[in-house]
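Colleague: Protein chains in written order, with numbering that gives the first Met the number 0: chain A, 0 to 430; chain B, 0 to 274.
Because the hints were derived from the structure by calculation, they are not lab data. Every residue gets a Cβ at the ideal spot worked out from N, C-alpha and C, and that includes glycine.
In silico DSS-like pairs for lysine-lysine, Cα to Cα no more than 25 Å straight-line:
no. : chain 1 : residue 1 : chain 2 : residue 2
1   : B       : LYS28     : A       : LYS170
2   : B       : LYS100    : B       : LYS36
3   : A       : LYS240    : A       : LYS257
4   : A       : LYS215    : A       : LYS257
5   : A       : LYS7      : B       : LYS3
6   : B       : LYS3      : A       : LYS75
7   : A       : LYS151    : B       : LYS28
8   : A       : LYS75     : A       : LYS7
9   : A       : LYS170    : B       : LYS100
Listed next, the stretches of chain A that the computed footprint assigns to chain B, with coverage defined by at least 3 CB atoms under 8 Å from CB atoms of chain B:
no. : segment
10  : 96–108
11  : 118–130
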Amino acid sequence: MGNDVVIKAENVSKEYQLGVINHGTLYRDLQSWWAKARGKPDPNTEISEASVYGKNHKRLTGDHFLALDDVSFEIKRGDIVGVIGRNGAGKSTLLKIISRITAPSRGYIGLNGRVASLLEVGTGFHPELTGRENVFLNGAILGMSRQEVTRKFEQIVEFAEIGQFIDTPVKRYSSGMYVRLAFSVAAHLEPEILLVDEVLAVGDINFQKKCLGRMKEVGKDGRTILFVSHNLASIKQLCTKGLLIDDGKVGSFGETGKVISEYIEYFNKKQPAIFERSLTDEAGAATLLRLAVCNSRGEPTDQVELTEGFILNIEYFLKEPLTGLSVGLQIIVDDGMVTVISLSDPEFAPERLQTRMPGHYISSVKIPKNILNTGMYRVRVGISSRFTIYDVVEDVSFEVVDSVGIVQFMGWDRKGSLLGLQLPWDVKHKQ
Amino acid sequence: MLIKPRGKVVTLDLKSVWQYRDLAWMFFKRDFNTFFKQTILGPIWYVIQPTLTALTYYVVFGRIANISTDGLPPFLFYVSNILVWNYFAYCLSNNSEVFSKNANLFGKVYFPRLVVPISVAMSGVVALCIQFALLLFATIGFVIAGNPVRLHLTVFLFLPFIVLYVAFLGVGVGLIVSALTVRFRDLAYAIGFVTQLWMYASPVVYPISQVPEKYKWVFYFNPITAPIESLRSSMFGTAGVHLELWLTNLVVTGILIISGLFLFSRAESTAMDTV
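Turn these sequences into a full structure, and let the hints guide you.
Modeller: Shown next as structure tokens:
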């Protein structure tokens, strides 16, 4: 290992066994063993979610799931590396292996220096204990000695802005205070290598900024940081390098801006949400032929950016002239609530009175940015005249994602709001 | 430092356990503080439990079954046995599900997992001390009341050794069970009644002097026998414990703790994948 290389991963793979390993009981283990001994299929093999999802198919062989697949990279001293990738790509598994929470299945990782991992704020905090007691407990869990915590105690309390509540049990803290105290302990760790997983998503904005600042300072001392986040804005701001994990492999590693743009590019290209069918003889008077979700540039996709608008393209064919025709659109949240209903030709629009001649039509509608908050949506499109529904297509799904990190950075969440609207507030100093 | 896949060869990393000694102390303090904050009666429980248990044993085994108490007042006999047994059972049961009970913690941060069983053994000493104080005061009471009981101060010499030995034994067995419960969750249910049965195979409700000669060999392989008998003999001057009994018990405990450490170290590297 070179002198300035602090983390070196060589052909690291992590394999999880699905189904079989989760028996958890001796009885079922014996059952499986007995079935195997007689050459029967294992009665306890579960059909895992991953095998149902077509997406991860490559990583699934039999009941083995490759969370990480032959990952190699080198990280130099002082690098601040932003680790990005979609959910389930293997980012967290990588962090867990580097922080020694679990061992790799194959390959090696060499570390040069003391490692501290921050996969969660307030790990081990006990609600009954006071802030002071928890600082010492949490510090010890994170690997600090008692003297070290004692030495930094004043700083920790000051950074957390807890003040006189330090001797109050943390169960009486507000969630903000709790997070501030927890993060403050972690922020005062002095490891050579710091692993951080998405912990900045909690806490209020000011405190988040303070933490980002603190992490930046930490980086200047020649410490190495691995930072996993969906928040591309803070990765861009903080990190000197980017590591893109894609389906368990290293997708890209290098200069932050380059890796981020590759990541966004990849989002826009992958798996378009399209419904398509060809015209058959049995087709009715009006048939929907194609339904596609497209990004702002008109390319089909299944993931659209919160901060960019997107377009729905609908193609249909009319076999005979029809009057009063309209294409109806519903955008439905994954739990069944309808967020948007829109008609291509509203009830009172004069066009609706006209008769539409047979032929091939394309209707498209642009959904402005920041309307739908992040999450999964289902599109349902119907074609109907006033009294007849001719055709319905549903179950084209797409996801609104926030690669720029606006929602997360601002501390909003799907729980809080269905819409991603940014309203124009006005603040004035009252005389 | 090199992170490797879980291999066949297990290396015990006792040096890093020592580096995390402050953490064991913090866990001990946490358990201590929360116990007193969460219970109304606090330490009184440690007195009520052995007292009532001793009373029950007195009625069932002393009066009804008429089992001898080695010439001692029944209360002292039972409490003395119970406190050793309790400490052993505490270490065993609290360590048997270390991985699943601490999954939240173990899944988020690394530290040598052995720190937790060590802190459990430390926490158990609190109850043991309180119960020993109870035994001590009760004995003094019996002496003052004119009972033919004698309090030997040799007990203070033996007690630290007994405690250390039982801690090793309880943690050792606990480690074996905890490593196995990672794979076989239902073993955790079995451990409760196995411990119960084990107690009746140990000289808790009867003295070893009452055991027929032909069954005595069993106790050479039951490593909790020697400490229970030794506490009694060093405190009250009852019949001493054979050296052979101590030696065989020590060997058994040694085997248990070594295999416990081995299995535990093997399990800890990938335990978090399954719990």
